[in-house]
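Same order as they appear, the protein sequences are chains A and B. Each step along the first sequence adds one to the number in numbering that gives the first Met the number 0, with nothing skipped, and position 62 is 61. Each step along the second sequence adds one to the number in numbering that gives the first Met the number 0, with nothing skipped, and position 336 is 335.
Hints in this document: simulated from the structure, not taken from any laboratory. Errors might be hidden in some of the hints.
[Stated by the list, open to error] Now the in silico label distances, taken between C-beta atoms and shown as ranges:
#1 A:15 - B:72: 29 to 37 Å
#2 B:230 - A:260: 39 to 47 Å
#3 B:109 - A:238: 55 to 63 Å
#4 A:31 - B:397: 42 to 50 Å
Glycine included, every Cβ here is placed at the ideal spot set by N, Cα and C.
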Amino acid sequence: MADFGQKTGRPWLSPLNQRRWRNFRRNRRGFWSLWIFCALFGMSLFAEFLANDKPILLRHKGEYYMPIFSFYPETAFGGDLPIEAQYQYEDIACLIISGGVIDCYDDPEGILAEIQESGTALGEPVDKGWMIWPVIPYRFDTIVDIQGAAPSAPDAHNWLGTDDTKRDVVARVIYGFRLSILFTLIVTAAGSVIGIIAGAVQGYFGGWLDLVFQRLLEIWSSTPSLYVIIIMFAIFGRSFWMLVFLTVLFGWPALVGVVRAEFLRARNFEYVRAAQALGVSNRTIMFRHLLPNAMVATVTFLPFIITGAISTLAGLDFLGYGLPSSAPSLGELTLQAKQNLQAPWLGFTAFFTFAIMLSLLIFIFEGVRDAFDPRKTFT
Amino acid sequence: MSAVMQVRNLNVTFRQEGAETRAVRNVSLDIQRGETVALVGESGSGKSVTALSTVSLLPESAEITGSVAYEGAQISGADEAELRRVRGNDISFIFQEPMTSLNPLHTLEKQLTESIRLHQGLTGGAVRTRILELLHRVGIPDPEGRLKSYPHELSGGQRQRVMIAMALANGPNLLIADEPTTALDVTIQAQILELLAKLKDDEGMSMLFITHDLGIVRRFADRVYVMKDGEIVEQGETGALFDNPRHRYTKQLLSATSAGVPDPVPVGAKTVVETDSLRIWFPIKRGLLRHTVGHIKAVNSATLSVRAGETLGIVGESGSGKTTLALAILRLISSEGPVILMNREIQKLSSKKMRPLRSEMQIVFQDPYGSLSPRMTVEEIIAEGLAIHPVDSERDHRSMVTEIMTEVGLDPATMHRYPHEFSGGQRQRIAIARAMILRPKLLVLDEPTSALDMTVQVQIVELLRKLQKRHKLAYLFISHDLKVVRALSHKVMVMKRGDVVEQGDAAQVFDNPQTNYTRQLMAAAFDVKAIGQS
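Chain B with its partners taken away, still in its complex shape (with noise of 0.2 Å):
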């Protein structure tokens, strides 16, 4: 076998008004012809710079050291035309957002026509069939009546799977993966990863995956390498590394699995909150008169009720109605049907009977990036709620706030920092002081962990069951990892497409699943044979 690429020595350092980042450290790595190489790490650890360096696609403020070899012929510091030949001809990639990678305004004919067109000098009919035959091969269905599709009328997996086959319309030697299944559905993920097993195998193709879901990891590479902070900490055969690794740091990503069962809960525990068949229904309107033509049902019949320290698992794909149904709880949003709030119907309340209300009820949510006001200091962010409502007026909001954040395990000396100063971990932490101080009754999470690290996650879930346990707090936890929702719930809501197609106990549903749907969830989520062996 011989070496496709060749890294040897690469630095890569960010400089932005004299400060500088390096963001990459003397990484040294080798991808052999019909190989799978992953490259392993926390978000920041360099992972994704590493890859673009390689063919050059960073901005002009990255400066780039060491050698970079394709074939055996050095491609860093060639020109840009020579560079535009090996990318998307010999080099292809396929990033981690479907949606952002495909131009909203071009049909799927014209985006995969000009790849082609400008890499294999084909026209006319020849383009066609060979797109006709690339959709087929990335497992699309009815591939003549998609090419006037746009992307917007794809869902997310046959988004991907275009890209996969714009990435291979050229034919490849190799193949790199930027974390191409994170934003996409378990389910989906798997029926992902699995065609792209397939493919590799059948081009030939070497491929470097980059992720930091280790499961994908194990099922898929065959060489792994493990970046931190920049640098490459360790690496090995697959097999060899995840049983016997030797750095800490390898050992610490191995072993972060949110584990455990919640606490029971306290006997004669009361109800917090309670909804009976709630219904959300957007209609759509057309005419001139914009006369309801139909219903868009993003909640069917909804009951659920969540005692005082209990947590009930919202659990489905993306699109299913689990935010849209926390949202309409929280009355946020509007919806039918009675929703109660510690023995008070709330549905029908006015916004302003609403106000003193919403102390009770709290929401934490997906994005730490995008759920703190980047121009608020934390202690800003973190007392907005005590200037509406009088928590303790006996005391000042500046100790409230040092209170909270030692709780939540932050620094109070950090309160006067902005949000962009913290880590994703600690941003979560800031939006749960935001919402714990005002010491609710109800907690909304709404996919807290699903955008931050393993090790960080596992964290953030301990952090949870603390508080829990503390204040008594009911939660509504909603997430598509069922790893997590394992850790944390009493009980469980299973939801497909705004039907709740089965709840009960977290045991009795995790180990025996009723309905076909859960099953598969399940096997997506906790099988780790099933994929990429073959």
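One chain only, chain A, in its complex shape (with noise of 0.2 Å):
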């Protein structure tokens, strides 16, 4: 017998749990994976601070401003338009740094070379500002001011190179790393709890309900998803929560199965009758008794189901019935890197970024599944 009562720092975690972790960190290269990944997903989830044409903070006469998260116009800053301030221009930043000085519209450079060196502007002394920028100064959706056709190929500014409209293809990377991975994760976790519950009722009640469901079901399975989601969009127009509302829609029938097997397996154990037996609720004991043995099944059939949500956004943006064409999409870039052979930098980029992702929680997942097999022995 494996001594499950083996005590460790993590008293949280029931000792099965425990047991299950210790395997899981056992298999190296899950692990690694797991913390590969969640740097990789804790930064794209702050990749406003990581890649924005606009500056982190600045300094402009004496005062501080944060312009990720605030609206200032160029008047602000002593510029005449009430419109947004275009902070990656040099006028601008001409602006920010000299404390308004109105020249900064005729000739930046040379303000901007003056302060520099002698901290003056224009022979006037100047309270001197100056601006952080994230790490890659483009948005997804910037449109870098470089000449050359596009895509351009990359250099020292775009490390990438662009794409097609001459946006930065690395910001685009990471905002669309990001909106995968939260599609993944919000399709997931809504399509789990409906096709668990679903098929926990149906496992546990059996019978007519399990019958009638089950041919509903198959009904619903044929329904070509792909056709409904392009009439949706042509009728509600695409938008991010109207894709993610479709594939769950199109998504959940697949744990039904699984769940509804475990249920019907499960409900006949004799610690299910003794707590029938105790008087205990129906809702008591699918949810105390039974789903806990349905989790194992559901764990094993996850990585399928969150690799499988990646494909469809992919697939979709890729036939140009995904998100909107301005939303930082990696289908989109595989698009481009297809109609754009002549600048392999994208095909590269959306392909080792698509392999480097699904690779990650492949093996994340492989890892969590080896844990909760009992079978398993780990050295």
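Combine both chains into one complex, guided by the hints.
Following this line, the structure appears as structure tokens:
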């Protein structure tokens, strides 16, 4: 018998889960994949601070501004226009740093050089301002102001080049990664909850309910979902939440089968019978006694659902039926790569992004699945 | 006589997650030609592991040291090819569970052909002839017609016969039988044992017989090894060992039988539960409109009544409807006919109205491993019913759990542990505590001792007696083990295929059985001499 009662530093986990965690840690590949993935995803959650066309923090005339969070018109920095300041342009940078010297519109370079040199602008002393930029000074939808034909090749400013509308590829990948993962998490979580509940109800009560529901499910899963998605987008317009809704709508039956089978099997277990004899309500029995059984099967199935959701999003975008074209989408990047074979950096970027993202997820869930397998022994 | 198998200083250690379990320690044993050797011990004593390790059939986490010689040649540490030749050919196995030992997707012919073709190189008609001969020898009626049958079409006894036929197919020198009769009904058990004894003599085989049932050993074995905690504590000729056991543990094993009679029912005890011609038929539905074409008659017309402090023993073989009847009385499955609990008709009550009455009647199941949720602590398991039934609203749940654990003989300090940390007997006590904490009037005991070792069985029977006396409990005691039934029951009801064939006071039924079937059951359970002496 394995020693489940071993004491570890995680008293909040049940002994069984402690064993699973130990097993998971023993799978080096899965364990490191988890850390790398968490780091990447954690960073991408703060994409606005990593890749943005506005400074994180700036100082102008002794006051601090955070353009990432607030709207400031050019007039706030001494300019003429009431539109939002275009921070990436040199004249605006000059206005901010020089404290609003109006001549910045004519000769920003000269004034900036003077401030740099002597701390004065046109001979007048200024309260010198500064700007802190994100590492990548472009947002996913920033049009990069450079010469030459789009897509442009990688260089010191655009590390992975630009795409066919002159948008920085690195910035698009960072935002696209975040969007893909968030989409996947939302779709998987929502789909799993619905699928588990539906499967649980069918498996536990069985009989007519099960029979009717199974037939409905068969009809539902044979609906051509792609057409429905295209039609709905045509009627309601494209949007992220519409896509989430539609993917969940067609994705939830994935788990029903496994969960239903587990509930069908486990509802005749003696401890379930014992709970019935105690008078425990059906809902409590399902939640407390049966759901933990179904969780193992569910976890085994999750990697397929997660990678499936990522592929769905990418596939729709690739076909041009996915998110709005301005959205940072990896599928759209792939489509551009196909249309611009002369710009291989697009294809390579899309390939490696998908390869790394999907491999990490697969490695993690492979480790999780093995950790849940009671028969597997680890050395 | 020369030794067919010689085991010297065998050690088996399981290593998992740094934890070491020494399952077998320094075991040495000999099996002579034509001899039946019994390996006796309670569950977890290392019997099966010893047997499996002789032909390296253990999982990879096992480390084996020591020597195993077959016909004088070393086979421990031999390569896979050599081992495969020995397994199934020279040494055959029969396992406990005939349902899972046969592949459910293959016909009998296919299962048997595989092994014969592999080891004997026979093909075509010759294989078929050999199979028919084998099936005939193990006593399968109409072997020709059975060739195309699948395992589920056979009864448990027949399946075990097929397993024996498979084991015999290649004329082994040594047959290792691992609890071959444990999963079978008593009358079938006797037949299988007889068959094994006869085949052993005919074929001149040796047999290593692994069991926990001392009755079988006494009838059947030439020599006995007694195992405890992975060690052989005593060995000797069967007769000598039974008559004059030396080791303390052997004495304990031999004296462990549930004896005695129950305390008399108090005078004027009230009836707790009654049924009148209770019928449980499951409809068979066919066709598009699912009309009922017939019924599976699980229980026909069962009339019973149990008073406070009284035990009704329900006896019968598997499939006789015992458990179904009990579940119907608890209203866990539907039935027809009145069920009266404490002068109240409960058959027609809705499940909501039923809920408050559930605390009056509780159940303890057979399998102490399956009846406790593996993911809840003992405290949570025992206290689960308290959340629904206000047994004593003055007191907090923990103190009630502590009290009931002490009453059933468990250490309350262990209430934060999980079921897997307890032994079978302790788990059964937990199951009893879960039922008893609601202070029921009626306790249904569905084979509560069948999965337990003899010494533990005796303790559980003692506990049940004590609880009955203290709380004036009515028991419905379901079992196929007539010894335990005799030790606990005031009244007995014998069931066969859904019919009640005999019913009456325990003493009357046991001493003077009226029907043939009951007599047969008694013979199988109490008659020691009948088998294996020929």
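Consistency of the hints with the structure:
1. A:15 - B:72: 29 to 37 Å: This hint is violated: roughly 45 Å between Cβ atoms.
2. B:230 - A:260: 39 to 47 Å: holds (44 Å)
3. B:109 - A:238: 55 to 63 Å: holds (59 Å)
4. A:31 - B:397: 42 to 50 Å: holds (44 Å)
Violated hints amount to a single one, hint 1; each of the other numbered hints is respected by the structure.
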